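Asker: Sequence:
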Amino acid sequence: MRLPGMKETPLKVPYTEPNITGLLINRMTYLLDNVSPDRRIVVVCVGTDRSTGDSLGPLVGTSLSKYRSPFFDLYGTLEEPVHAMNLDETLIDINKHVRKPFVIGIDACLGQAASVGCIQVGTGPVRPGAGVNKDLPPVGDIHITGIVNVGGFMEYFVLQNTRLHLVIRMADIIAHSLFSSIMKCTRPATYPAATQD
15 MRLPGMKETP
25 LKVPYTEPNI
35 TGLLINRMTY
45 LLDNVSPDRR
55 IVVVCVGTDR
65 STGDSLGPLV
75 GTSLSKYRSP
85 FFDLYGTLEE
95 PVHAMNLDET
105 LIDINKHVRK
115 PFVIGIDACL
125 GQAASVGCIQ
135 VGTGPVRPGA
145 GVNKDLPPVG
155 DIHITGIVNV
165 GGFMEYFVLQ
175 NTRLHLVIRM
185 ADIIAHSLFS
195 SIMKCTRPAT
205 YPAATQD
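Per the numbering used here, the very first residue in the sequence shown carries number 15; after that it's consecutive.
These aren't lab readings, by the way, just hints derived from the structure by calculation.
Quick caveat: nothing in here was measured; it's all calculated off a predicted structure.
Beta carbons: idealized from backbone N, C-alpha and C, even for Gly.
Possibly wrong hints are sitting among the right ones.
Here are the in silico distance ranges between beta carbons for each label pair [stated by the list, open to error]:
#1 Lys198 with Pro24: 19 to 25 Å
#2 Lys26 with Ser194: 17 to 23 Å
#3 Lys148 with Ala127: 38 to 44 Å
#4 Leu178 with Lys80: 37 to 43 Å
#5 Gln126 with Arg82: 16 to 22 Å
#6 Arg53 with Ala98: 35 to 41 Å
#7 Thr23 with Gly166: 20 to 26 Å
#8 Glu31 with Met168: 39 to 45 Å
#9 Thr23 with Pro51: 33 to 39 Å
#10 Lys198 with Glu31: 31 to 37 Å
#11 Gln174 with Pro51: 39 to 45 Å
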């Protein structure tokens, strides 16, 4: 299904695709394999638990937190979400405490009806708040997004009325695929973990 040379273009796969985890792991591993060994992987899961559609990021973060992995730093869970009110502060904190961070930005987004349920992986940052016309800083050297509902009209209402089942299924797939990819790309050398003041 994948063509040679297509790895530079974003991957977009429906969450119902039978081999979705394999496809996501393949792409994420490819992107992480190119990360310099002296850079620390930081996962930033953007969103809030106060909106069903926007809870994708915190759900992914909560799933990843269960692994308690020493191989990446994690920001954004259901307990401690990263959202519009603290995103700037979080990014400053990462750059202050993590040496040469390689950031993976994760967020929900809105899209066309035919794309709802698709998971996207690509280079460059995610742009939180774009679907609801908020001007927030971009997040990530690479991004993973889940299209949770249709955009273009009454975005706040649409996010509030997104099916939780869809969001949870997508979050589970993203968390499992990302963790597997990070483990495949882990180097023997240990990274300095983020320091706390």
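Asker: If a hint holds in the structure, say so; if it doesn't, say that too.
Answerer: Consistency of the hints with the structure:
1. Lys198 with Pro24: 19 to 25 Å: holds, 20 Å
2. Lys26 with Ser194: 17 to 23 Å: At roughly 19 Å between Cβ atoms, serine 194 and lysine 26 fall inside 17 to 23 Å, so the hint holds.
3. Lys148 with Ala127: 38 to 44 Å: violated, 23 Å
4. Leu178 with Lys80: 37 to 43 Å: violated, 19 Å
5. Gln126 with Arg82: 16 to 22 Å: Roughly 38 Å apart at Cβ, these two residues miss the hinted range, so it is violated.
6. Arg53 with Ala98: 35 to 41 Å: violated, 27 Å
7. Thr23 with Gly166: 20 to 26 Å: Given about 24 Å between the Cβ atoms, the range holds.
8. Glu31 with Met168: 39 to 45 Å: violated, 29 Å
9. Thr23 with Pro51: 33 to 39 Å: violated, 26 Å
10. Lys198 with Glu31: 31 to 37 Å: Given range 31 to 37 Å: violated, Cβ gap about 20 Å.
11. Gln174 with Pro51: 39 to 45 Å: The hinted range 39 to 45 Å holds for glutamine 174 and proline 51, with Cβ atoms some 43 Å apart.
Violation of the numbered hints given earlier is confined to hints 3, 4, 5, 6, 8, 9 and 10; the remaining hints are satisfied by the structure.
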